[in-house]
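Protein chains: 2
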Amino acid sequence: MNNNISIPKGCRDFKPEQVYKRDYIFSTLKQIFTLYGFAPIETPSMEQLSTLLGKYGEEGDKLLFKILDSGDFTKNISDADWQEKNYSKLSLKICEKGLRYDLTVPFARFVAMHRNDITFPFKRYQIQPVWRADRPQKGRYREFYQCDVDIIGNNSLMNEIELLMIINDVFKTLQLNYKTIINNRKTLQGLADECQLNEHSTTFFTILDKLDKIGLEQVIKELNQLPISNQKLEQLSNFIALLNNEKNNKNKIDIAKNFIRNDIGNKGLNELEYLINNTNTLHLFKNLEFNILLARGLTYYTGTILEVKSTEVSMGSLCGGGRYDNLTGIFGMPDVSGVGMSFGADRIYDVMESLTRFPTNILQPIDVFLANISQGYEQYIINISTELRKNNIKVDLFPDPNVKLKKQLTIANQKNISWVIIAGEEEIKKEMYLIKNMKTGEQFLLKFNEIIKKIKTV
Amino acid sequence: MNNNISIPKGCRDFKPEQVYKRDYIFSTLKQIFTLYGFAPIETPSMEQLSTLLGKYGEEGDKLLFKILDSGDFTKNISDADWQEKNYSKLSLKICEKGLRYDLTVPFARFVAMHRNDITFPFKRYQIQPVWRADRPQKGRYREFYQCDVDIIGNNSLMNEIELLMIINDVFKTLQLNYKTIINNRKTLQGLADECQLNEHSTTFFTILDKLDKIGLEQVIKELNQLPISNQKLEQLSNFIALLNNEKNNKNKIDIAKNFIRNDIGNKGLNELEYLINNTNTLHLFKNLEFNILLARGLTYYTGTILEVKSTEVSMGSLCGGGRYDNLTGIFGMPDVSGVGMSFGADRIYDVMESLTRFPTNILQPIDVFLANISQGYEQYIINISTELRKNNIKVDLFPDPNVKLKKQLTIANQKNISWVIIAGEEEIKKEMYLIKNMKTGEQFLLKFNEIIKKIKTV
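In order, the protein sequence lines correspond to chains A and B.
The C-terminal residue of the first sequence carries number 458 in this note's numbering, and the numbering is unbroken.
The C-terminal residue of the second sequence carries number 458 in this note's numbering, and the numbering is unbroken.
The hints are simulated quantities; they were obtained by calculation from the structure and are not laboratory data.
Certain hints may be false.
Heads up, the list lumps identical chains together, so a pair's fine if it works in one copy or across two of them.
As the list claims (entries may be wrong) - In silico SDA-like cross-links for lysine to any residue, where the CA-CA straight-line distance does not exceed 20 angstroms:
(1) Lys-93 - Gly-71
(2) Lys-454 - Met-438
(3) Lys-407 - Asn-154
(4) Lys-213 - Gln-175
(5) Lys-89 - Asn-76
(6) Lys-415 - Gln-31
(7) Lys-407 - Tyr-87
(8) Lys-9 - Ser-70
(9) Lys-55 - Leu-288
(10) Lys-75 - Tyr-87
(11) Lys-75 - Ile-264
(12) Lys-213 - Gly-71
(13) Lys-221 - Met-432
(14) Lys-62 - Lys-75
(15) Lys-406 - Ser-156
(16) Lys-179 - Leu-288
(17) Lys-62 - Lys-89
(18) Lys-453 - Leu-288
(19) Lys-9 - Asp-72
(20) Lys-89 - Asp-79
(21) Lys-75 - Lys-89
(22) Lys-439 - Thr-119
(23) Lys-286 - Glu-273
(24) Lys-250 - Asn-4
(25) Lys-89 - Ser-70
(26) Lys-9 - Gly-71
(27) Lys-456 - Gln-31
Please take these sequences and the hints and turn them into a complete structure.
Listed below in structure tokens is the structure:
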């Protein structure tokens, strides 16, 4: 008998209160996604490793959970393979499948596989767990939920506007203060070209992306390692400082247009300007912030890049996404433009929890605790519970008349249930019921119909 | 570029229509579980292998999906280990975790781990996927959902009655015809004792359980391999035949009481009689059938055993369960009685699909397709969509005014959306909207408020 029971690190059990809160987030997202015309899909937890490998960079490949092949997995390993002890090479000989690392690659695989059954533009949402063998820490789990919403097969910027509206609806409903940071990959590319760093663009973007963390001085120091002239670096530094001091998005665009004078950069800035103009007049998007340095890790973005952050709690991004022009290309279906984003339900949960922003009414879905104190009156008790349930009243019928009433009331209290109905022998004979409000302590002796009215009107 | 994309065998993608149907089953179950006072929990997809191994028999251990340890998994394997090539022994040196095989063992682990935070009797439900490396076939998948509902920490038979009522509510709501087969482990034990086969009880139960599949003659033949006297075997054979010809549950109990004359058997029969009496008078349980041969695979049942089958489609059980008196004992928490059952959502899905029993109204949650044909009127179109959504009308706004109206209408049709709203330049100027019912072909030119009325009243 083993008392040292545990669950794998980075994984979590969820008790009822936590499930209610998580479901509140999921159902809010689902409801809003549906309001915007998105339809749900689901993909398997396991994918072929060939589908997953090479899609998340070298680091990502290492973080994939691999599933050991069933049966004799040693049969594909020669003694020579074994002697080499290259574990990463070996793992591919004994594992064919891996756990989903995100929802984007499975979605691309889904679209490529089912392209003939899909009506484009395809607006889908997907709310499922993903797994990463990351080092667990605050706000980072090994099993966590992603809530993705994408429109694939259309390149109109109207899609981006709808996504920005969804962000607004979601965080307004959840009563969280937030800002949406937007940028455009083409603008970043234009900036790299302007600095003659197009051959070093990835490094360039990565350094720029760190501004918030390490400050401008350090960023400039790191940029100095790249082949950029001192004059250009000074201009760039001034440009970043100028943008940093400007709050108005339209002015920022003007500043950027002044600095970035090439086609691709200009195209990106025009797209950003379109989004800013169309959301400005909506009076919805006080929360929109153009930040030319936002890159986000994923290299597959080709247009809009966006990220949502809490303005109340310091936490990684709560939502992130962007436009990709060739996501399904890796699965043999080129030139399909899409745009989408992913809400991090676990981080949103952590933010809401730390701000105690969850509505209290979601925490107690059970209406009535039906105390059971009269042995031999099972039929009677069952009938009451059935009638209450027919009236859509959620009843926790205590199963055991051998347990003392006092103990039963304690249990009702621990379960935080508002109403207790007590049908003792006396009451049963009179066809009356004692109903007690556990919050106020009030008691009433009522007929059955009056009980239903009482519970429903409070 | 790889065109040969696939997903692991026994796994499935779900398209929107399938997700809607699956959600209909899940939400029906959730709603009824809640009506009966059950609260949800969730456990991680991965458990320590030490939690899972040895709980499902030798066959079950083989069907566990094991997760390869991250990093250098070879470090725990010596060359001698390797030379031995005992893959099942090796697997335990390179895998610490496995995927959940069912919800019962994780639930027992959960209860033992969180015993101090739980109010008993604990009524929980849990709806999550499980994974088994089984050979895929019709109705059997490698990733499938279990929907479990258990009451733990109380041994009153009222719990069983509530479970039987839940079964009734679930299948009535899903409009499926079914029967619930019940038995009791004690009765089975009493039967084994009566035949002096208590040392061979597992084999005995397994043979009896096959009656439906192989017929009485074959069962008797197999029983003949056991150390049972010819006289006893003939008595047993007559007893089974007698029960088989009797439809009335009360009469069956009487027949069984006459044959099984030992304490444990009698205890089981009294429990069954209690359930039959209390459900009979409810007039709810025309579907209840006492079958003394029902054993079900799981050896941890100690009292009631139950199973639900479709009476319309030939399919394995749609729900199964029973009482266990020592489930948490393996995790160091002995003597906790519980009773529960598991609904097989995937099988229920397959039955409903084959009988076309899904309500059609669950298949189209999008109310309106908003055609977009007027370049430069983005603001206007966005405003309409926002107003409609404020009225809780689900709108699929077509993102691209460059696509011809005819093509847009085709897309609306393919998406099976009932209403299309068209706001051309002319209509916009008049503040009127053309609204078309795609089912009837009717068209109306309406003001905004009239549109909302039109959509909501149909």
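(request) Output the numbers, in ascending order, of every earlier hint that fails for this structure. (result) 4, 7, 9, 11, 12, 13, 18 and 24
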